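So the protein lines, in turn, are chains U and A. For the first sequence, my numbering gives the first residue as 512, with consecutive numbering after it. For the second sequence, my numbering gives the first residue as 512, with consecutive numbering after it.
Incorrect hints may have been included.
Put simply, identical chains are the same to the list, so a pair is met inside one copy or across any two.
Unchecked claim - Straight-line alpha carbon distances no greater than 25 Å define the calculated SDA-like cross-link-like pairs of lysine to any residue that follow: (1) Lys792 x Arg524; (2) Lys763 x Ala817; (3) Lys576 x Gly791; (4) Lys576 x Val626; (5) Lys792 x Ser569; (6) Lys763 x Gln644; (7) Lys750 x Thr540; (8) Lys576 x Gly610; (9) Lys615 x Arg772; (10) Lys792 x Ala641; (11) Lys792 x Asp531; (12) Lys763 x Asp520; (13) Lys576 x Ala513; (14) Lys763 x Gln810; (15) Lys750 x Gln642; (16) Lys615 x Thr543; (17) Lys750 x Thr572; (18) Lys763 x Gln614; (19) Lys576 x Gly621; (20) Lys576 x Glu723; (21) Lys615 x Ala817; (22) Lys763 x Asp531.
Rather than coming from a laboratory, the hints here were simulated on the basis of the structure. A quick note: this is a predicted structure, and the numbers were derived from the prediction, not measured.
2 protein chains.
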Amino acid sequence: MADAAPTRDDVERARATIGDRLLRTPLLTSRTLDARLKCELFQRTGSFKSRGALNKLSRLTAQEKARGVIAISAGNHAQAVAFAAAAEGADALVVMWQGASEQKIAATRGYGATVDLEAHDPASAFERLAQLQEETGRTLVHPFDDPLVIAGAGTVGLELEEDAPDADAVIVPVGGGGLVSGIQTAIGTRTRVIAVEPETSTALHSGLEHGEPTPVTPTSIADGLNAPFAGRLPLEICKDIERVLVTDDEIKHAFRFLYERAKLACEPAGAAAAAAWLSGKIDAENTVVVVSGGNVAAQTASAILAAP
Amino acid sequence: MADAAPTRDDVERARATIGDRLLRTPLLTSRTLDARLKCELFQRTGSFKSRGALNKLSRLTAQEKARGVIAISAGNHAQAVAFAAAAEGADALVVMWQGASEQKIAATRGYGATVDLEAHDPASAFERLAQLQEETGRTLVHPFDDPLVIAGAGTVGLELEEDAPDADAVIVPVGGGGLVSGIQTAIGTRTRVIAVEPETSTALHSGLEHGEPTPVTPTSIADGLNAPFAGRLPLEICKDIERVLVTDDEIKHAFRFLYERAKLACEPAGAAAAAAWLSGKIDAENTVVVVSGGNVAAQTASAILAAP
């Protein structure tokens, strides 16, 4: 039976489950941006991803925990699963591929996970994942197409409802759709939730156009958003959501703006919502921009900051 | 008559005066740094300087406000005075010099101040300041050697006392000594306050050694700390303070660390206290590192991030 989409109650349950093991991230006000910034880059593991991973890990049975978990990711989800597994005393195996960032491999191992690097590329990594899952009986922690992962991400929405009750628009960067689905589930009936994708990474747009998860080949500088498809649950939850596309140049501009004016060291993915807001493509009064993560290599950041 | 050093009561009065016109900046916890970070880079105008400037401006008489204020600075103090003067409805004239950063000139003008660029270098700018002050009758807003400016900066200490009551060490970057003096005045009897200077910018060390403000020629990459001397009041307040020196390489390392691990886009001066903590030169348990400011040109940040 396919999983059902999570409800607002599920999001509230996720908040209770997470408790104080993660941060209630600060909401900063930027006068120059004329918006408030939900700073998920300060979340444990450097992105919102730890919310969903910890909610998922916390709900495993003792037997599932004993068998451990498995995930595929060369980015923020890898660190989040490693962190959450350690917090729940479960073993984590993360499938990456050759050429994955040394820094992210090291960070994932730093949280105590085993990293599998047998695959040569993302496609063969997915085959490797299926094989390892079969062999080990580990529970898969999907990065976005899982009701517990979505409900965990939705706790961002509950915090916004309390910290910015007057917000009339919440702008969210979208990769596979987990974060925006969670926020939509939590507060979408009361507040406009706006999904932002790079023009070169359109999993949600393509999925909604075709009415089902649709493979894309994303190439955005916002690597954290480069999901190969949007999840079935996100497509269901977001079927009527307001959507905006941004260019990579707009993302780079927003990255520099957040650095220079808001003093935030975010990753390119984390700047996508700010890019949409700065581009003038969204008409709103009391706006919250979600800065979803901050895991970027210093060399990458240096290159973006160097080009004016 | 020379001004007397401010008291804790003066700091509490400064907090009431400032009210909610400035931010209570967040205190973030960094597990990798094993310290809490007092994030003054998120303060209005991008540094703690607005606290002292606003306290000073708020206490001017109607006549003094009508005549306006004058300041000398090519950095954070310039923006702080411009901001505070606008908040109090006073005219601000800021003396800089040719070669000052275009970005900082623009930011200062952006807050509504007039910038005077007649001087060719810092030394002649000080002469220009004296001449203009004489001609115009404007009130000087000193960047650090003023009891109201020090008391304003001390409000950082009051916030730390409430938000980190268990802290046993507060580490503070030092230029002319205003911030560290304010924090020492606010909480120095209860908490260790540790003053950090670059080895190449030692106004406080030199002043304490000679028992009076002593000219130095600072050359640190932490330009925000490059004061040409420490104030008389800071030397009096800090005469027994614990002091640590850091190298420019340690500052650059801390700058990258705060970027990559704490996701903070601080300026080099703002990383000096973190540099002292990371270097292992301070033995403490529950440590607060003050990140004093975040005004850095993207090009400068890019260069520091590029060099591993």
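To see whether the hints hold, each was checked on the structure:
no. : hint            : verdict
1   : Lys792 x Arg524 : neither (35 Å within a copy, 45 Å between copies)
2   : Lys763 x Ala817 : both (11 Å within a copy, 17 Å between copies)
3   : Lys576 x Gly791 : neither (47 Å within a copy, 39 Å between copies)
4   : Lys576 x Val626 : within (18 Å within a copy, 64 Å between copies)
5   : Lys792 x Ser569 : neither (39 Å within a copy, 40 Å between copies)
6   : Lys763 x Gln644 : neither (38 Å within a copy, 44 Å between copies)
7   : Lys750 x Thr540 : neither (31 Å within a copy, 38 Å between copies)
8   : Lys576 x Gly610 : neither (30 Å within a copy, 62 Å between copies)
9   : Lys615 x Arg772 : between (27 Å within a copy, 12 Å between copies)
10  : Lys792 x Ala641 : neither (41 Å within a copy, 50 Å between copies)
11  : Lys792 x Asp531 : neither (37 Å within a copy, 32 Å between copies)
12  : Lys763 x Asp520 : neither (37 Å within a copy, 47 Å between copies)
13  : Lys576 x Ala513 : within (22 Å within a copy, 70 Å between copies)
14  : Lys763 x Gln810 : both (14 Å within a copy, 14 Å between copies)
15  : Lys750 x Gln642 : neither (33 Å within a copy, 68 Å between copies)
16  : Lys615 x Thr543 : between (33 Å within a copy, 15 Å between copies)
17  : Lys750 x Thr572 : neither (32 Å within a copy, 61 Å between copies)
18  : Lys763 x Gln614 : both (21 Å within a copy, 19 Å between copies)
19  : Lys576 x Gly621 : within (20 Å within a copy, 57 Å between copies)
20  : Lys576 x Glu723 : neither (32 Å within a copy, 66 Å between copies)
21  : Lys615 x Ala817 : both (23 Å within a copy, 18 Å between copies)
22  : Lys763 x Asp531 : neither (34 Å within a copy, 33 Å between copies)
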